[in-house]
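Can you join these two chains into the complex? Each is in its own frame, and there are hints to help.
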Amino acid sequence: MKCRYCGSNLGFEDEYCPYCGKLNDQAAGHQAVMKEYRNEYENTVADVKVKSRKAGRTGRLIVIGLMLAAIVAMLISIRINSDFERIDQKENERIVREVDNNLDGVKAQLDEMEKNRDYLALDYYNLNYRLRSDSRFDDYSRVFTAAISYKVVHDDILNIMSGFGGYDEKTNKDWCYDAAIYISDWNRFAGGEFWSDAADSPMHAGEHGAFLTDIKKDTQDMVQVYFALTDEQASAIWEMDRDALGEMLYANCVRLYSEEQAGEPSEE
Amino acid sequence: MRNRKERKPKDPVIIALDVTIVILMIAMIFVGEKAVIYKLVVDSNASFAQDASMMSFELQRGDYAGLIQDKYMNEFNGNTKPGAYNSLADYVEASFLYKIYDTKGYTDRANKQKNACDEARANMSKLGVFADKIDKMFAK
Chain A
463 MKCRYCGSNL GFEDEYCPYC GKLNDQAAGH QAVMKEYRNE YENTVADVKV KSRKAGRTGR
523 LIVIGLMLAA IVAMLISIRI NSDFERIDQK ENERIVREVD NNLDGVKAQL DEMEKNRDYL
583 ALDYYNLNYR LRSDSRFDDY SRVFTAAISY KVVHDDILNI MSGFGGYDEK TNKDWCYDAA
643 IYISDWNRFA GGEFWSDAAD SPMHAGEHGA FLTDIKKDTQ DMVQVYFALT DEQASAIWEM
703 DRDALGEMLY ANCVRLYSEE QAGEPSEE
Chain B
110 MRNRKERKPK DPVIIALDVT IVILMIAMIF VGEKAVIYKL VVDSNASFAQ DASMMSFELQ
170 RGDYAGLIQD KYMNEFNGNT KPGAYNSLAD YVEASFLYKI YDTKGYTDRA NKQKNACDEA
230 RANMSKLGVF ADKIDKMFAK
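In the order they appear, the protein sequences are chains A and B.
My numbering numbers the first residue of the first sequence as 463 and each following residue consecutively.
My numbering numbers the first residue of the second sequence as 110 and each following residue consecutively.
So here's chain B without its partners, still in its complex pose (with noise of 0.2 Å):
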């Protein structure tokens, strides 16, 4: 047909430059993966510290022991910002050492320990349901 339109024959040289374009696209996307893998592990490793979103991981996968782990770092390493996940490791730690000190009769420190179960829960807002959670697993 008259009005189809003609193929220009393509540079040869373009050519070769947009397959070095594709390939380049390619090694990128590897290359890429790998830096911003590599900067994800050194940047966790940066600190012990962790954020809100870290410990909220910690606290889906039942990972109490880490959750505690991270209190004491963001502690030590002054991130007060994951305050409500700090208030429930709190919670936690103070849970499982009132029953031992229950169950052994060491009335003080069973006493003490309830205080701080009970300062950590004022402090822990919208976590309150996984003190609750918390309660029924030592309650066993």
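Extracted from the complex, chain A is given alone in its bound form (with noise of 0.2 Å):
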């Protein structure tokens, strides 16, 4: 554009002619224009970060709206899966509605059980479906207890010969100690003289009977065998006093077998 006083070459942005001084008519409409495209940007500019910020805050207050949920329904779940006695109660009400429901065949089964002298699956049986705490398997309380003595003493052995520890790290000596409580304690729990069981008492009854004299010689041909007891120190186990028999066993376990058992293979 040319200055109409002058005619020197001017900008769109030259309010005045800078050689002539005069005043630029043709460049106050392009200004105009300029200033409201001005306005515009601004105006966009401002609405776009006030937008901005509220989608920002709107984003994050969804975030935390969406841990809180989390963090609620995480605290139900502690909630009722810490509920130990409620849990247990539940699971309680299970099994005796199991038992309820297949009565004869829980019998039959522990019956059998019984017959072929498998202790520790006439054990196991009685821990799964929790018949010792169930009164309608009262007759088979002394049968109970002895499988459970018979059970642990098995378990120890196992445990010596295989070198395994338990969670809370035992040794051999922790393993015979823990056998000689069980067989010291025979008589008193599994043959009933705690509780002064008669003689002709239902629990020592019949089958029950014959169990409880079996397993007790297949106890002590048990710790015979793997403690390497004479004939005469096999019979004298159930009256020796639970250190007595704890320092005897352990005697010979530390001749038979080493604290360090060789371990399992690994996988492959």
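It is worth saying that the hints were derived from the structure and are not from the lab.
Note that this is a predicted model, so its numbers are computed, not measured.
Hints are not guaranteed to be accurate.
[To be verified] Only pairs whose alpha carbons sit at most 20 Å apart, straight line, appear in this in silico EDC-like list of lysine to aspartate or glutamate:
| hint | chain 1 | residue 1 | chain 2 | residue 2 |
| --- | --- | --- | --- | --- |
| 1 | B | K213 | A | D683 |
| 2 | A | K635 | A | D647 |
| 3 | A | K569 | A | E669 |
| 4 | B | K213 | A | D676 |
Below is the structure:
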């Protein structure tokens, strides 16, 4: 564009001619348009800023809401899953229902295990259905106690042989003394002395009585073989006090089994 | 420098929300960990039955008594999946009894356990290596 007064070249932004100093009328329209655009631009920037801020806040609030919901859900889950008493009660009710629905079957299975002298099976069957705390199986009380004692001694010996320390890192000495406790307590609990069982008690009658005799003899054989006891020593285990018995078992254990048994080969 | 980006003042509300998110993340880790632990405890107590991975863990630790317990609980609860591990548990149990009956001269009972060992070995497939290890253990 040219200055209408002196003819010099002018730019769109030149409000006055830099040569003659006169007003450049033609620039006014351009300036007005530019101002309008500038205002629009500034309004848009301001609008974007506001919207962006709002979106940032909203997004964060949604994230916080979701996190709070997740935390509440997890707290509810903890509340439900940490109520062990209620869970145990529920589990007990389920087991009682299962036994109720198949009482004859459970009794038949139990009798079969008792008859076959499946000591471990009987113990775990009792554990699985919590029969020991079920009054309908009171006649099996001493049978259950004997099976538990047999199983503990059995497991103690297995742990000594495999070198397994349990979850509290027990030593062979611990296992020996643990076995000694159950053997020395046998007559009191499995034998019923503690409860002064009558000789004609249903807990000792018929198959139960025969079972109790056999399991005691089989436990004696188990201890004799795995601790290399003489016949005399084996038959004396029932009358020994737990410390003397533990000492004897451990003395033989040291001789027979090293404390550091070979570990298991890795699974390939 | 002119081309250096100007630091825009941050919205204090957004800063507060960001801090809240970080706090909630820490809380989620803490609460989540507890929730998972309790869930695992409840699931593991839901039934005495065990899966192959748990039995494998017990085997690695030399917990044969635990293996036998799992076998019985699997049997009572209809869990046949860890078949090879159940057979290995049968093998341990029968080997244990065989040694007693054999030493005591109870021939019939010993033979019965010997047959149980053979049957278990035939069903344990890749776990046969552990049966060899068990044989060595009972040979002592």
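(message) Between the alpha carbons of K569(A) and E669(A), is the straight-line distance 20 Å or under?
(response) holds (13 Å)
(request) Could you grab the alpha-carbon distance between K213(B) and D683(A) and see if it respects the 20 Å cut-off? (result) With Cα atoms ~8 Å apart, K213(B) and D683(A) stay inside 20 Å; holds.
(message) For K635(A) and D647(A), compute the direct alpha-carbon distance and say whether it is at most 20 Å.
(response) OK: K635(A) and D647(A) at ~18 Å, within 20 Å.
(message) Need the status of pair K213(B), D676(A): alpha-carbon distance at most 20 Å?
(response) Status holds; Cα separation ~15 Å.
This entry satisfies every hint, going by the numbered hints stated previously.
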